[in-house]
Amino acid sequence: MSLLSYFSGEAFERGVHPASCKFTAGQSIKRMPFARRLVVPLLQHIGKPARSIVRPGQEVVRGELIAEADGWMSVPHHAPATGVVEAIELRPTARGPWAQAIVIRVHEAATQEVLWSQPRDMSALAPAEIIKAVQETGMVGLGGAAFPSHIKMAVPEGASVHTLVVNGCECEPYLTCDHRMMVEHARDLMEGIRHVMRATGVARTVIGVEDNKMDAVLALRAAVPAGAPIFVQDVPTKYPQGAEKMLIMALFGVEVPAGKLPLSMGLVVLNVGTLAFLGRLLPEGKGLTERVVTVTGPGVARPGDYRMPLGTPLSFVLDYAGAPAESRQVILGGPMMGQAIASLETPVTKGVSGILVLRKEEMTARAAEKLYPCIKCGECVQACPMGLNPSTLGMLAAKREYSVMGENYHLGDCFECGCCTYVCPSNIPLVQQFRVAKQILREKAAA
Amino acid sequence: MSATIEIRSAPHVKGGYSVEKIMRHVVYSLLPVCAFFVFQYGISALASMVVITATCLLTERFFVRTGTQSGSISDFSATITGLLLALSVPPGFPLWMGVVTGFIAIALGKALFGGIGFNVFNPALVGRAFAQAAFPTAIASYTASFLPGRFTEFIPSSLAWPLMIPPETAEWLKLKQLDALAGATPLGQWKFEGIVASAVDLMTSLGGHMAVGPSPLLIIACGAYLASRRFMDWRIPAAVISSAGLVASVLYAYNPSHFPNPLFTLFSGGLMLGAIYMATDMVTSPVTSRGVWIYGGLIGLLTVVIRYFSGLPEGVMYAILFANAAMPLIERISQPAVFGAVATKKARRSAAFSLETPASTLRESKDVVIPIKVVSNNQPPKS
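So the protein sequences, as listed, match chains A and B.
For the first sequence, this note's numbering gives the first residue as 10, with consecutive numbering after it.
For the second sequence, this note's numbering gives the first residue as 12, with consecutive numbering after it.
For reference, chain B alone in the conformation it holds in the complex:
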């Protein structure tokens, strides 16, 4: 017999998922969100997105080539990092800062740990945290959305020379006949001026010239697609949103004049983007079933606490980074219950038969009537 026989270990069939396929679909689902961001802010947003993503991909390629980290750019994970990073910084973020931030995100957030699968923190958030520390003014200077001429003109700060302080956008906004408020995010307006934007406007991002990111409703829709195809764990955003909503509601009920209403908290800032796209990063979230609920709940709680009680207007980023750091601990306390570990577990009610056979019927003649819960009369089901 000249035939070649191959030996492989079981199982010999595979489910249809691969790392590359999951990541590719995350990118697909991000495309509408990115398109909306460009629609809001024009070519500045587009340039920022292209530059940051390209930097992330080049950095990943470099570290893969030098053998520092695993994976390859074909697995799309660096693309996701780049797009998320671009969505979480202002559209007018100077491009040179974008390059630095993108490099740091991959180099410090991912390559240093060994690449895909080994990073402790979400790389996009590592990059953003770096930017928050290094470029505090630039990362806080949002501009108004839906400006006339946004598709032909860059926001002036975008094109700042490398290592130069970007020009003030306030002057430029004045020329557009918009008041200075338009440059502050709804969260900033609430924190420093006590103005609470309407939840409906926040949900759609379409009300006037608000300085906000893409519509939370759009993000939810794209996340729902991912969850329905099992490319994302729906329990994490569910936990984040319900925990943040719960804490915000309790505080609002306690003191409605001091705290904003819970809907404002849920739909302002980066909470939806963070809950749906950043907290769900598979590598940095727990694998255990109870763990994901604890992890999501922690993020929601920390977000509200940081927003309400610290000097910062936004807390999603630090909340997720803290929860990432706590992930190994969460996994340790939430290991799944092994089948049969609890000896005296009550029988499920849906069961067709009961184990409780009266002792008197044991080992007796077979015409004893055995009590069963659901009487199976051995009739074919009516189809």
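Same shape as in the complex, but just chain A:
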């Protein structure tokens, strides 16, 4: 609606500009100590849960395989710490329902050095072997989606890919873990890109970074090996640029057809954190036992990016980062799409990019917001990056016309970025209504 943004061509159409709040961008990554107990859920990714191969009472070494992949749509898990398997039992998860998890009691004197590895010569591996090796690391998309990385790299028969797109946007406010990875681990990232380019057979790589992280852009450009077809491109900062379709629009100026994957345009999209970890893990033959998580928000005394063992319970993280134990809201992920969790015993899993803690003040401010009927201001229509009509969709949701939403108003294209709810002056929880509607439609389709 604003004249300026209408005439100045921006990376992709619509979207919003929430306050960036990236307070931890200037701090280097710190290491978090082991909690007394680590909880490794068997399902930390999209797909089938891994199969546990340990028994209660068994001793494990940090980096050792403790759960193997159950088929192609699954990834293995590795022991995040040296210790004893205490139990394999139901534990709370971020999504709510309890799920099977391996609980490891950490040895008092355990070191964070990974003791279990199988170094390999990457240049001797064929593409298919590299993809197999990626699956063996247990790698999933570290940007938050937690989709198994090896599936993204495996190009199906008949399709061909030409470009690897590396997503370094980190468009969510508050989060800085990808930013720090790019600044501090640029060489690892280049190494990871090299292996993935070989595995997928792409001819070039484009790294897209939002222009509020120019130090990362410079660090990456300095790290690009001479002559390598790797290009680092800064894109105008805007939420939700980190969505792969938006990033492809920003870089290549084309829309990925609705219902299709970037693969259909010859593109493979991976997150910077994923590639940087792969660059380290693949040659060393290690599994993913830790990740970098941004712990931040007004409710945290010592915010920062922490390299933390997977399975660390949130209660331990909050104590370590100095979050007072009064009433608060704890969000896994960023403030736009993150999941508010119900139990502080929820562990950090592979897909957790941030832990955001809001204080009582922010919570009461939200609770005081008055709900109005939709006044059809059209702000949501001008914010929706997918070009949907959230206003009409919201009214249909209130009438429970879910099938109309799906058939006539393209509900399936909504990726729940939350822009509509962010701008809504009537404070209607639009995106939550859409999540519910999509779930109901999914259940209907399954029935």
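Just to be clear, a hint being listed does not mean it is correct.
Here are the simulated lysine to aspartate or glutamate pairs, DMTMM-like style, with alpha carbons at most 20 Å apart [as the list claims (entries may be wrong)]:
hint, chain 1, residue 1, chain 2, residue 2
1, A, Lys447, A, Glu416
2, A, Lys141, A, Glu166
3, A, Lys269, A, Asp130
4, A, Lys141, A, Asp130
5, B, Lys32, B, Glu17
6, A, Lys379, B, Glu164
7, A, Lys369, B, Glu17
8, B, Lys25, A, Asp130
9, A, Lys379, B, Asp212
10, A, Lys31, A, Asp220
11, A, Lys39, A, Asp328
12, A, Lys39, A, Asp197
13, B, Lys25, A, Asp79
14, B, Lys25, A, Glu378
15, A, Lys57, A, Glu22
16, A, Lys141, A, Asp79
17, A, Lys369, A, Asp422
18, A, Lys141, A, Glu73
19, A, Lys447, A, Glu410
20, A, Lys269, A, Glu166
21, A, Lys57, A, Glu77
22, B, Lys32, A, Glu378
23, A, Lys31, A, Asp130
24, B, Lys25, A, Asp197
Which chain B residues face chain A? A few, computed with CB under 10 Å, are given here [what the hints assert, rightly or not]:
hint, residue
25, Pro22
26, Glu31
27, Thr148
28, Met338
29, Leu340
30, Glu342
31, Ala363
I should point out that these hints are in silico values taken from the structure, not numbers from a laboratory.
The beta carbon of each residue, even a glycine, is placed where N, CA and C say it ideally should be.
Here the structure of chain A is known, so what remains is to put chain B in place on it, guided by the hints.
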């Protein structure tokens, strides 16, 4: 752990807009316009404004209390209705008629549909349309502006007794040593006597004793403030004004002696007030991007057609009401294009990279030169 943990659905941050804030800023932006109206017509205008707005607020309060409609008077939407209604009737509009009109505007235009967000028509215009039908003489009897003594003396029609016919203002104007013409609006003068007022006088409302509303330039300035703060959709007035201007220009070019010049059409009557404050009512305008242009264009077209070819001198009100009624249809035909719906869309020229990689370079050694449109030489930008 005794801490309370709250669960809320994402997103956990909000943009800074709320219904109440939008409406409050619309009221702020209307204040200069109202002040100018009072400056033009004195205490009669002030009394009319206070009475009509108060009636709207009381009516809204009543229907909220009885549970008929949503919202509350604290959201300022009834205040806007009252102020706009007062600005769109003559300053000497009898106060008792103002009370009736204000009540009808909220009761029939808003509460009946369920309150804020649910009304089909702009409530202020529903009230005015009612007044047009019920009090045709009173709503057409404008008086001259900038009369001496306007701050101490009421226009006689203002204080008419309830249900009584207001006294003629023509006699009273004669006493002020002004000719009878001063009582007719510029639109009426053009329609019935063929006199076209100068566009500059119309723009400022300051030329002599013209019987007009607040200055269109002032309204544009206040609207520009609203649009710049994103409290108003600038595309609607842009569409209304350009469409009305275009149609008027075409007709003027076709027959300059019969039709007035386009500037007269744009700045006379309530076109600016209607385009900027009434057509932009969020509830009754479309939400889709193409829809607002169609909606605004329709209003501009209808306004000129009604003014030029009907018996009425003014057409803005009916044009907006028609467009309000057409809004659901407009939205239906103007649903936004979904991202990726058009499969073979040409790449935007601003894009840094091209997808068109020659097939021969695929899956080959990495020293193949890949053509890219803008060569990113991986150099830091010169800052």
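Discussion item. Check the structure against each numbered hint from earlier and tell me which ones fail, lowest number first.
Written reply: 3, 5, 6, 8, 9, 13, 15, 17, 23, 24, 27, 29
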